[in-house]
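**Q** Go ahead and model the full structure; you've got the sequences and the hints to work with.
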Amino acid sequence: MAQILLKNLRKTYDETEAVRGINLDIDHNEFVVLVGPSGCGKTTTLRMIAGLEEITGGEIFIGERLINNVPPRDRDIAMVFQNYALYPHMTVEQNMSFGLRLRKVAKAEIERRVKHAADILNIGELLERRPKQLSGGQRQRVAMGRAIVRNPEAFLFDEPLSNLDAKLRVQMRTEIKKIHQRVQTTVVYVTHDQVEAMTLADRIVVMNHGIIEQVGSPQEMYEAPKTRFVAGFIGSPAMNFVPCRIVERGAALGVRLSGDITLDLSAEQSKRYRGYLDKEMVFGIRPEHITERRQHTNENQLDFGCTVEVLEPMGIDTMVFMDIEGVEVTARAAPKAVSNPGETMMFTIDMNNTHLIDPKTDKVV
Amino acid sequence: MQTQQTAPEPSLRERLVTALENQRVLGYVLMAPALLLILIFIAYPFVLGVWMSLTDKIVGTSGTFIGLGNYDKLFASDIFLTAAWNTVFFTTIATIFKAVLGMWLAVLLNRKFRFANITRATVLLPFIVPTVLSTLAWLWMFDATFSVFNWTLRWLWQMEIGIFGLVLKENWGFFRGPLWLGDPSLAMASVILVNVWRGLPFFAISFLAGLQTIPPDLYDAADIDGASGWKKFWHVTLPLIKPVAIVVIVFSIVVTFADFQLVYILTRGGPNNETHLLATLAYQLGMGSGNIGQGAAVALFMLPILAFVIIFQLWYLRREGVR
Ligand SMILES: Nc1ncnc2c1ncn2[C@@H]1O[C@H](COP(=O)(O)OP(=O)(O)OP(=O)(O)O)[C@@H](O)[C@H]1O
Ligand SMILES: [Mg+2]
Chain X
1 MAQILLKNLR KTYDETEAVR GINLDIDHNE FVVLVGPSGC GKTTTLRMIA GLEEITGGEI
61 FIGERLINNV PPRDRDIAMV FQNYALYPHM TVEQNMSFGL RLRKVAKAEI ERRVKHAADI
121 LNIGELLERR PKQLSGGQRQ RVAMGRAIVR NPEAFLFDEP LSNLDAKLRV QMRTEIKKIH
181 QRVQTTVVYV THDQVEAMTL ADRIVVMNHG IIEQVGSPQE MYEAPKTRFV AGFIGSPAMN
241 FVPCRIVERG AALGVRLSGD ITLDLSAEQS KRYRGYLDKE MVFGIRPEHI TERRQHTNEN
301 QLDFGCTVEV LEPMGIDTMV FMDIEGVEVT ARAAPKAVSN PGETMMFTID MNNTHLIDPK
361 TDKVV
Chain U
1001 MQTQQTAPEP SLRERLVTAL ENQRVLGYVL MAPALLLILI FIAYPFVLGV WMSLTDKIVG
1061 TSGTFIGLGN YDKLFASDIF LTAAWNTVFF TTIATIFKAV LGMWLAVLLN RKFRFANITR
1121 ATVLLPFIVP TVLSTLAWLW MFDATFSVFN WTLRWLWQME IGIFGLVLKE NWGFFRGPLW
1181 LGDPSLAMAS VILVNVWRGL PFFAISFLAG LQTIPPDLYD AADIDGASGW KKFWHVTLPL
1241 IKPVAIVVIV FSIVVTFADF QLVYILTRGG PNNETHLLAT LAYQLGMGSG NIGQGAAVAL
1301 FMLPILAFVI IFQLWYLRRE GVR
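In the order they appear, the protein sequences are chains X and U.
Just so we're aligned: the first sequence equals residues 1 to 365 in the numbering used here.
Just so we're aligned: the second sequence equals residues 1001 to 1323 in the numbering used here.
Treat the hints as calculated values from the structure; they're not laboratory data.
Among these hints, one or two may not hold up.
Unchecked claim - Distance condition first, Cα-Cα at most 20 Å in a straight line; then the derived DMTMM-like pairs of lysine to aspartate or glutamate:
#1 U/1231 - X/93
#2 X/279 - X/153
#3 U/1112 - X/54
#4 U/1231 - X/74
#5 X/132 - U/1320
#6 X/177 - X/193
#7 X/104 - U/1223
#8 U/1112 - X/53
#9 X/167 - X/193
#10 X/177 - X/202
#11 U/1112 - X/15
#12 U/1112 - X/14
#13 U/1232 - X/74
#14 X/132 - U/1217
#15 U/1231 - X/76
#16 U/1232 - X/53
#17 U/1232 - X/76
#18 U/1232 - X/93
#19 X/226 - X/280
**A** Structure representation (structure tokens):
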């Protein structure tokens, strides 16, 4: 239930710089998700907050307290590990109560809290079992139960769902969200799955190579990514990136993707991109913003034609792959409206949802 | 298929091949060599030993059956009772020391530090050196007059530093160190010391292997749950290493209980039988005095005790496996 403040946090292992200066302000009861590719320093950051990893530089505050040199047991946080880290020799009940017993909490109080957590998590019947006798999903719940009974200032999760099968993962994801709504607490949640990040987070922190690329609400991250990395990382299927050139189109500007395809920019966009005239840029657009030809709903929608290479039906939509100047571009079309591979198909593209990236800085301009 | 046609008589080779394809037959065939070796080298000497313990065989005679006569005699003899008690005492104390120190050493070695691997290898040294050699070295170190122990003590005495010097002055007089192997109360301690020194690496390395199977996550979890170093050891390390520890301890009890080389080289059971163990007594009676029947009886006396220990271990392992 506390704020967590990271100030210029750094961590260096012998040679590797795992975390290279992170600044983050996490609010009361906020659900913050650290997301990023493997090796970007998410776990390291989380473990520094937990106190399991020494801090090379910078400061961490929980509430008002500087906790750089406070041992984990005095930080009042609880952590759920990727492979649960349940004590194999203890029953579920003992696993959950271990922290409370160490803290000499009264017996009746321990019982009450364990029962309360077991109710929330629906594991009342499992209390006498040992971890070995539980399924993956049940272990996951017990691990969360161990955190809940502690009633800590903050919960830390390190990829808690990555050991579950796809279906259970979706189920537990919803469950975690529900639990957070019931047990109001600050949560720092690490994952490399951007869908998990989008669905769970109040705020997403995208990390890459030990630094924060961007912080924002899921919607902001989706609509207004600030870097090529974030644009490509958030959203599934991933955004298309096509090398392009900004060209003059009468009074306005256009984006030339290939000899055949040049897309007009709106007056407002033309003004914004004026400085990039005749420059090589990268044009970014999500598959869902290229559809089969449709009635236009705003004046910034354009039609263009292209040869269909491959179709991937997904049920509700069909992914259409085409080739623009050697770059694979994906569109998302209604299954009934797609043409066969090899044929030319007409598409509608929504220019309001495009992003222009400067390849020199990889920033969205 | 032409069923009417009688198949040609199968050749010997073919019949053999068919037989071997039967799993039951093949199983026995594969087991036979091992079984044969066990019969020749273990079962036969064992049965012979049991038989001899029931005879009054003396070297050179064939001996006659005297039932439990040897055992009767043993229980009436002081030296046997002393040796039995010594063996129990020796085994208990040595095992306790080895287990506690071994665990301590393993925990230390399990930490990350420079040269960890070399240090771990070095710890194994006492285990690798042949017991006879290392024990001879200890024999030399224990020597009352010329050895390094007493030389050091004497040196301390001459320096007259601290309480140590005073104790030396009062009890052992000027210039004389203790008779490590000659003094009745020190001899047993010395023998135990050498046994602990020799057995420690086995404990430490086995425990270390056990420690390394404990997932580091559990210690992280315990850290966050609020456990201090000692609590982590008590609530996480110890319970998780228990299965390994039981096996190691039981194994060590069996080996220590039947220890022979150490005592034989250091004291030969002396002084005044203070360090006589069942194994050395059996040897002394059987080989030294040629009273083979009696020697066999002493040796066999260890059997039920060790069997009980091993059965306990098997029972425990099976129970752990079920859990
Ligand atoms: N104990 C360590 N010693 C040396 N380097 C380490 C150690 N732990 C992590 N690293 C390095 O630090 C970097 C960040 O690691 P970290 O575990 O934080 O990544 P992550 O974002 O959690 O990745 P993943 O999604 O794969 O779990 C990596 O390059 C890793 O190799
Ligand atoms: Mg990680």
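**Q** Starting from residue 104 of chain X, check that the Cα of residue 1223 of chain U is at most 20 Å away, please.
**A** holds (16 Å)
**Q** Tell me if the straight-line CA distance from residue 132 of chain X to residue 1320 of chain U falls inside 20 Å.
**A** holds (13 Å)
**Q** For residue 1232 of chain U and residue 53 of chain X, compute the direct alpha-carbon distance and say whether it is at most 20 Å.
**A** Holds: residue 1232 of chain U and residue 53 of chain X sit about 17 Å apart, inside 20 Å.
**Q** Hey, residue 1112 of chain U versus residue 14 of chain X, does the alpha-carbon distance stay inside 20 Å?
**A** OK: residue 1112 of chain U and residue 14 of chain X at ~14 Å, within 20 Å.
**Q** When you check the alpha-carbon spacing of residue 226 of chain X and residue 280 of chain X, does it fall within 20 Å?
**A** holds (19 Å)
**Q** Can the restraint linking residue 1232 of chain U and residue 74 of chain X be considered satisfied, given a maximum Cα separation of 20 Å?
**A** Holds. Residue 1232 of chain U to residue 74 of chain X sits at ~15 Å (cutoff 20 Å).
**Q** Is the hinted pair residue 177 of chain X and residue 193 of chain X satisfied, with a Cα-Cα distance of at most 20 Å?
**A** Between residue 177 of chain X and residue 193 of chain X the Cα gap is close to 16 Å, so the pair holds against 20 Å.
**Q** Take a quick look at whether residue 1231 of chain U and residue 76 of chain X sit within 20 Å of each other, Cα to Cα.
**A** holds (18 Å)
**Q** Run the distance test for residue 1232 of chain U versus residue 76 of chain X: straight-line Cα separation, threshold 20 Å.
**A** holds (18 Å)
**Q** Between the alpha carbons of residue 1231 of chain U and residue 74 of chain X, is the straight-line distance 20 Å or under?
**A** holds (15 Å)
**Q** Under the criterion that the straight-line Cα-Cα distance not exceed 20 Å, is the pair residue 177 of chain X, residue 202 of chain X satisfied?
**A** holds (11 Å)
**Q** Residue 1231 of chain U and residue 93 of chain X were given as a pair; does the straight-line alpha-carbon distance stay at or below 20 Å?
**A** holds (19 Å)
The structure shown violates just one earlier hint, number 2.
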